[in-house]
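Colleague: Residue numbers (the numbering used here), protein chains in the order written: chain G, 917 to 1330; chain R, 433 to 596.
Everything labelled a hint here was simulated from the structure, so no lab data went into it.
Just to be clear, a hint being listed does not mean it is correct.
[What the hints assert, rightly or not] Pairs of lysine-lysine residues, derived as DSSO-like cross-links and limited to a Cα-Cα distance of at most 27 Å, are as follows:
1. R:Lys494 <-> G:Lys1323
2. G:Lys1194 <-> R:Lys542
3. R:Lys546 <-> G:Lys1324
4. G:Lys1038 <-> R:Lys508
5. R:Lys526 <-> G:Lys1026
6. R:Lys546 <-> R:Lys489
[Said to hold, decoys possible] Partner residues aside, some chain G positions facing chain R, computed with beta carbon under 8 Å:
7. Gln1185
8. Arg1205
9. Pro1274
We put the beta carbon where it would ideally sit given N, CA and C, even for glycine.
Given next are the chains, with one letter for each unit.
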Amino acid sequence: MAKLSFSPVSTLAQAGLSKLAVGFKKTTDSLSDSAGSAMGSATNSLIGGLSALLLVLGGISLPIGIALAIFGVSVGFISLSSFMISDILTPTIFFSKEGDEAGESISETKLAVISKTVTPTKLTNDDVSAGKEATYTITISTKSQTLENIVIDNRTTVSPRGASAFPDFKTDSAGNDITSFSIGTLNPSESRTITYKIFIQGDKYKNATISDTATASFRAADVVNSVSSSAAILVGEPPPPGDCTPASDGNPANGIETTSEELECYIAQVAAGKIEPKSRDNMANVMIRVMRMESGGRQCAAGTAGEIGVFQYIASTWRAGIKSSPDTDSGSGSISEYRSGRSTCWGIPGPDPVAIPPYDPSSIDFNWPTNCGGANKDCGAWDPYAQIDNTVWKMEQGGACIWEAYKKLYPGIC
Amino acid sequence: MFKLTLTNIKPLTILTSLTVVLIITGLLSLIFIKYSRQPSPASPTPIPYNPSIPPLKGRELKQPPNFEKELEKIKKYLPYDSEGFRIEYRQTLKMVSVNILATNPDDFIKTRQKAENFIKSLGVQDLCTLNIFWMPSQDLIINKSLDPKETITTGCFPSVNPKS
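My request is simple: use the sequences and hints to build the entire structure.
Modeller: Below, the structure written as structure tokens:
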């Protein structure tokens, strides 16, 4: 916030790391009072004890008193343990097309056009119980250049409602491989069409989207290029476009997976009916744009000031949130893991990010254990839904300017 | 012969007194250490963490006037994949989104402009009306190298309220 005099906040803002200020002062005061109270109590005990010793022992009490004082003050410091966490793989969320046009898409580059169609584009659940054939057609056309070594890589994925997607269909109805097609060379303005059929049968296809993507890679003028196209079959009542289905596989051992798409669904759900008071823009519109710039909707996002999550909160600002849950270990992650592509942090207990220079790792503002009650405690900050709820609240309070992305998206407001 | 005079017993008295004082000191020190450690508060018991995913229903975003009219011009082509970008329409949210694969801000801007030109080529007259959400690739987000303003369609304002 503009009124804050806390210098690291403005430094962070200049670095484009969005932070946070609502309630910062209050949090700091609260923590200082608590620490001061504890220290005062310990000091009083020491003074009492030393006084008694002095009465009895005279001059020799001093070394003992000093030793005790050192002992008494040293208790209570928190040590952070080192940690190592292996990468976690999460299910991929695949796109599904809508309505009657589910079965076709085209892609075009300056070198080639590829299209993929499927018939039928819709099946009922009874169809897949009994078994039904679907016909796919892939067409690749060249433009003005010769394309060599054309290979089409073909991948089919099934996305059932409320469950994780899985790869499927490596052969056609006759048992021929459909994962790869070698085309060879196509001269300018030539085209090639591939047609194959798959047989769909089984309960696992009920209420699912069967997505099929063909990617053609080729060489043109000694440069390798690629172009891809998708087609999809909707079975029963699959997830509607927009994919508001949770990505979690339901296995707590893997953590709790989320996608940016499902988080945007939740943002729309809780904020589409609200107005962000500073910009007077729709709050969901604001939040989705800010989240995309802060974290891209990635729950593992961590920053150099120890920021956590989809809206990149530092510890002290998060602690001041209305939904904060002290003493909670909601997840684990670090900026190095995030940079290396880790994608699931929520629900996997363990250490939290530590600030790195130029931010002071010992600063209370960036320190999650200090703010949240001990080692590995993060006040629930890894929960992306809690991040959204808190952000709605902060924006309703007029706190949107704490995000650097907001200030740049809506210049002149903050 | 040792004489029990005050002069002779003085060192002994001092030594004995000192020994007694040291014993008392030790005992008192032990007592003090024992009781001074007890008042320190016990570690807080962690609250069991039982997260839940709220029911997801989604909700249509508020969009500018004429959004549907312009959307109709591109909807049948979506999703559309091309070099460096993918255009999607998310019906549940009533939202047009473009994912851009770029490794640096310049690349992002060029690819965004290319996608804008493609959408215009489909007959869209007012790109701002589509309120497109441009999504940068992860590298640009991590490095914070992309100005958030570049995630707004060229010549447009991020607000869905035309008066903003």
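Colleague: Holds or violated: are the alpha carbons of R:Lys494 and G:Lys1323 at most 27 Å from each other?
Modeller: holds (22 Å)
Colleague: Is the Cα-Cα distance between G:Lys1194 and R:Lys542 27 Å or less?
Modeller: Outside the cut-off at roughly 31 Å; violated.
Colleague: Take the C-alpha atoms of R:Lys546 and R:Lys489, compute the straight-line distance between them, and say whether it is at most 27 Å.
Modeller: Cα-Cα ~34 Å, so violated.
Colleague: Regarding the pair R:Lys526 and G:Lys1026, is the alpha-carbon distance no greater than 27 Å?
Modeller: violated (30 Å)
Colleague: Holds or violated: is the Cβ of G:Arg1205 closer than 8 Å to a Cβ in chain R?
Modeller: Check passed: Cβ of G:Arg1205 comes within 6 Å of chain R, closer than 8 Å.
Colleague: For the pair supplied as a hint, R:Lys546 and G:Lys1324, confirm whether the alpha-carbon distance does not exceed 27 Å.
Modeller: holds (23 Å)
Colleague: Interface hint check: G:Gln1185, Cβ to nearest Cβ on chain R, cutoff 8 Å. Holds or violated?
Modeller: Constraint on G:Gln1185 satisfied, holds at 5 Å.
Colleague: Given a cut of 8 Å on the nearest C-beta pair, is the interface hint for G:Pro1274 held or broken against chain R?
Modeller: Nearest chain R Cβ about 14 Å off; hint violated.
Colleague: Are the Cα positions of G:Lys1038 and R:Lys508 separated by 27 Å at most?
Modeller: holds (16 Å)
Violation of the numbered hints given earlier is confined to hints 2, 5, 6, 9; the remaining hints are satisfied by the structure.
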